[in-house]
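Chemist: Sequence:
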Amino acid sequence: MSLRSRLLLALLATSAVTLGVAALALLSPLQHRLDAQGRDSVKASALATRPALATALVKERGVAYGEAIDVMQTFKQRTGTNLALYDPTGAEVYNLGLTQRDPATIFRVLATGRVQASTTRDGSGVAVPIPLTQTAEQLKAKPLPPDSDYFVLVVRKPDISGQAVGTVRSAFLTAAVIGLGVALLLGLVVSAGLSRRLGRLRRSALALAADGVGAPPPRDTGNDEVGDLARALASMQQGLRRQEEARRAFVATASHELRTPLTSLQGNLELLAEDLDHGDLDVDAARDQLRGAQGQLRRLSNLASELLDLSRLDAGVELRREPVELGELCRAVAAEFELRAREQAVDLQVAPPPGPVWAAGDPGAVARVARILIDNALRFSPAGGEIAVVAAYHGDQATLEVADQGPGVPETERTLIFERFQRGTRTGGAGGFGLGLAIGRELAERMGGALELAPADPGARFVLTLPIELPRGSGDGAGAADALDDDLGAVGDEASDASRR
Numbered sequence: 001m002s003l004r005s006r007l008l009l010a011l012l013a014t015s016a017v018t019l020g021v022a023a024l025a026l027l028s029p030l031q032h033r034l035d036a037q038g039r040d041s042v043k044a045s046a047l048a049t050r051p052a053l054a055t056a057l058v059k060e061r062g063v064a065y066g067e068a069i070d071v072m073q074t075f076k077q078r079t080g081t082n083l084a085l086y087d088p089t090g091a092e093v094y095n096l097g098l099t100q101r102d103p104a105t106i107f108r109v110l111a112t113g114r115v116q117a118s119t120t121r122d123g124s125g126v127a128v129p130i131p132l133t134q135t136a137e138q139l140k141a142k143p144l145p146p147d148s149d150y151f152v153l154v155v156r157k158p159d160i161s162g163q164a165v166g167t168v169r170s171a172f173l174t175a176a177v178i179g180l181g182v183a184l185l186l187g188l189v190v191s192a193g194l195s196r197r198l199g200r201l202r203r204s205a206l207a208l209a210a211d212g213v214g215a216p217p218p219r220d221t222g223n224d225e226v227g228d229l230a231r232a233l234a235s236m237q238q239g240l241r242r243q244e245e246a247r248r249a250f251v252a253t254a255s256h257e258l259r260t261p262l263t264s265l266q267g268n269l270e271l272l273a274e275d276l277d278h279g280d281l282d283v284d285a286a287r288d289q290l291r292g293a294q295g296q297l298r299r300l301s302n303l304a305s306e307l308l309d310l311s312r313l314d315a316g317v318e319l320r321r322e323p324v325e326l327g328e329l330c331r332a333v334a335a336e337f338e339l340r341a342r343e344q345a346v347d348l349q350v351a352p353p354p355g356p357v358w359a360a361g362d363p364g365a366v367a368r369v370a371r372i373l374i375d376n377a378l379r380f381s382p383a384g385g386e387i388a389v390v391a392a393y394h395g396d397q398a399t400l401e402v403a404d405q406g407p408g409v410p411e412t413e414r415t416l417i418f419e420r421f422q423r424g425t426r427t428g429g430a431g432g433f434g435l436g437l438a439i440g441r442e443l444a445e446r447m448g449g450a451l452e453l454a455p456a457d458p459g460a461r462f463v464l465t466l467p468i469e470l471p472r473g474s475g476d477g478a479g480a481a482d483a484l485d486d487d488l489g490a491v492g493d494e495a496s497d498a499s500r501r
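So in the working numbering, the last one in the sequence shown is 501, and the numbering has no gaps at all.
Quick caveat, the hints were computed from the structure, so don't treat them as lab data.
Where is the CB? At the ideal position from N, CA and C, for every residue including glycine.
Treat the hints with care, as some may be off.
Quick list of the computed label-pair ranges, beta carbon to beta carbon [what the hints assert, rightly or not]: (1) Pro410 to Arg248: 18 to 26 Å; (2) Thr260 to Thr415: 25 to 33 Å; (3) Leu229 to Ser28: 44 to 52 Å; (4) Thr14 to Ala207: 34 to 42 Å; (5) Pro158 to Ala22: 27 to 35 Å; (6) Ser301 to Glu338: 18 to 26 Å; (7) Glu411 to Val226: 33 to 41 Å; (8) Pro158 to Lys59: 27 to 35 Å; (9) Ala450 to Arg248: 41 to 49 Å; (10) Glu469 to Thr260: 39 to 47 Å; (11) Ala205 to Ser5: 15 to 23 Å; (12) Glu419 to Leu272: 19 to 27 Å; (13) Arg6 to Ala450: 44 to 52 Å.
In silico lysine to any residue, SDA-like type, Cα no more than 20 Å apart, as pairs [as the list claims (entries may be wrong)]: (14) Lys76 to Ala117; (15) Lys76 to Arg39; (16) Lys43 to Asn95; (17) Lys76 to Gly97.
Make the full structure from the sequences, and use the hints.
Modeler: Here's what the structure looks like:
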């Protein structure tokens with residue numbers, strides 16, 4: 001069954017159940033209330049006319065009934081009821097419109113002297129005792145003395161309440177049919193619109209599956225769940241398009257970057273092999289060729305390392321959580337880049353904190369982020385520039401900052417540079433694959449922290465924020481380097497070639 005059919009059935013069923021419950025809650029109490037009001041009204045009228053009728057019967061000694069009949073006729077005209085008069089033996093004296101006899105009720109009145117309810121098919125009412133030996137004042141007493149001789153006046157009102165309830169029921173059924181019809185029409189309109197919008201989303205999804213991210217995105221301007229779904233799908237498609245474009249750019253860049261070191265490596269090795277074959281090896285030239293080959297191998301190794309880091313992040317490899325002393329870690333990681341910084345004439349400074357700066361994280365992951373940030377700063381720092389590495393506490397967070405004096409990051413690229421395979425426009429031709437900052441941010445978030453680009457002028461300032469966690473033993477930072485040796489993996493002057501803006 002289609003969604004449209006289910007919506008229509010649900011709407012009709014809900015409307016029908018609501019109307020049915022409303023009918024039960026309305027009609028039955030209405031019937032009972034009207035019946036009770038009718039009986040009370042008849043009883044009050046009968047008791048009010050009883051003294052006059054008793055006076056007439058006493059005056060005529062219960063033998064002649066002319067005056068009593070006049071009283072009954074006047075009563076009928078005034079109240080619109082049907083009534084009958086019975087003598088002390090239960091025999092009918094006079095009848096004005098009653099069609100149903102109720103002997104049991106009549107004899108109960110004769111036996112008890114009490115007013116009794118009397119309801120038959122021709123209506124509901126009362127049976128009232130009319131004593132012949134009581135005065136008008138005595139008739140007001142309840143109950144009447146049992147030694148009195150009674151006539152019985154039976155008064156019933158036609159079932160007007162049933163007619164009223166029937167009228168209400170008919171009107172209710174008419175209104176219910178009209179209401180269900182309106183609900184059906186509204187359901188058709190709403191379900192048709194919903195089905196049409198969902199159909200557009202389905203076609204967009206099929207087009208995305210068939211044509212890829214180049215298919216037109218779904219469009220829906222509704223401010224409801226379907227509109228939200230359409231916008232979410234469009235946003236997802238836009239993200240997939242960006243990822244696809246980034247992947248293609250990465251493949252093109254990686255192909256070019258791989259081709260360059262591989263070609264250079266192949267050329268160096270071929271020249272070296274040729275010199276060896278001819279026996280005229282120039283040691284200095286061979287040394288240069290070997291250094292060039294080592295540099296290209298290092299570049300290829302860095303790319304493989306970045307791709308391995310990404311695969312580990314995507315696989316959800318668990319990171320450790322333990323106290324890490326950021327000051328000692330910064331000094332250890334910065335030492336790896338000292339030679340490279342001197343070669344580039346860049347002043348790499350690690351500001352000594354006033355005391356240990358403890359953070360919660362994976363030591364290896366924190367060191368990896370620090371390498372990414374320092375490598376990134378060295379890439380874009382001009383000769384004679386300065387790089388500042390600072391570990392400090394800020395409120396309830398521990399931070400590691402790396403600031404450079406390079407070209408900085410345009411405002412429009414502050415978010416883009418943290419996406420995979422994305423490079424900024426101010427790279428100045430520096431090689432790389434746009435993976436480092438993406439890896440750094442994901443590592444930071446996996447450790448419960450964040451990696452952000454803070455305002456800086458000139459240059460760029462990246463801030464790694466981590467939760468504070470003090471060690472269980474002592475609070476000083478001595479010996480932190482020994483605790484981190486296995487995780488830092490100092491590699492001398494190795495440049496991790498890991499980030500792009």
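Chemist: Look at each hint and say if it fits the structure.
Modeler: Hints, one by one, checked against the model:
no., hint, verdict
1, Pro410 to Arg248: 18 to 26 Å, "23 Å, holds"
2, Thr260 to Thr415: 25 to 33 Å, "30 Å, holds"
3, Leu229 to Ser28: 44 to 52 Å, "46 Å, holds"
4, Thr14 to Ala207: 34 to 42 Å, "36 Å, holds"
5, Pro158 to Ala22: 27 to 35 Å, "28 Å, holds"
6, Ser301 to Glu338: 18 to 26 Å, "20 Å, holds"
7, Glu411 to Val226: 33 to 41 Å, "35 Å, holds"
8, Pro158 to Lys59: 27 to 35 Å, "31 Å, holds"
9, Ala450 to Arg248: 41 to 49 Å, "29 Å, violated"
10, Glu469 to Thr260: 39 to 47 Å, "44 Å, holds"
11, Ala205 to Ser5: 15 to 23 Å, "22 Å, holds"
12, Glu419 to Leu272: 19 to 27 Å, "41 Å, violated"
13, Arg6 to Ala450: 44 to 52 Å, "46 Å, holds"
14, Lys76 to Ala117, "18 Å, holds"
15, Lys76 to Arg39, "15 Å, holds"
16, Lys43 to Asn95, "18 Å, holds"
17, Lys76 to Gly97, "9 Å, holds"
Violation of the numbered hints given earlier is confined to hints 9 and 12; the remaining hints are satisfied by the structure.
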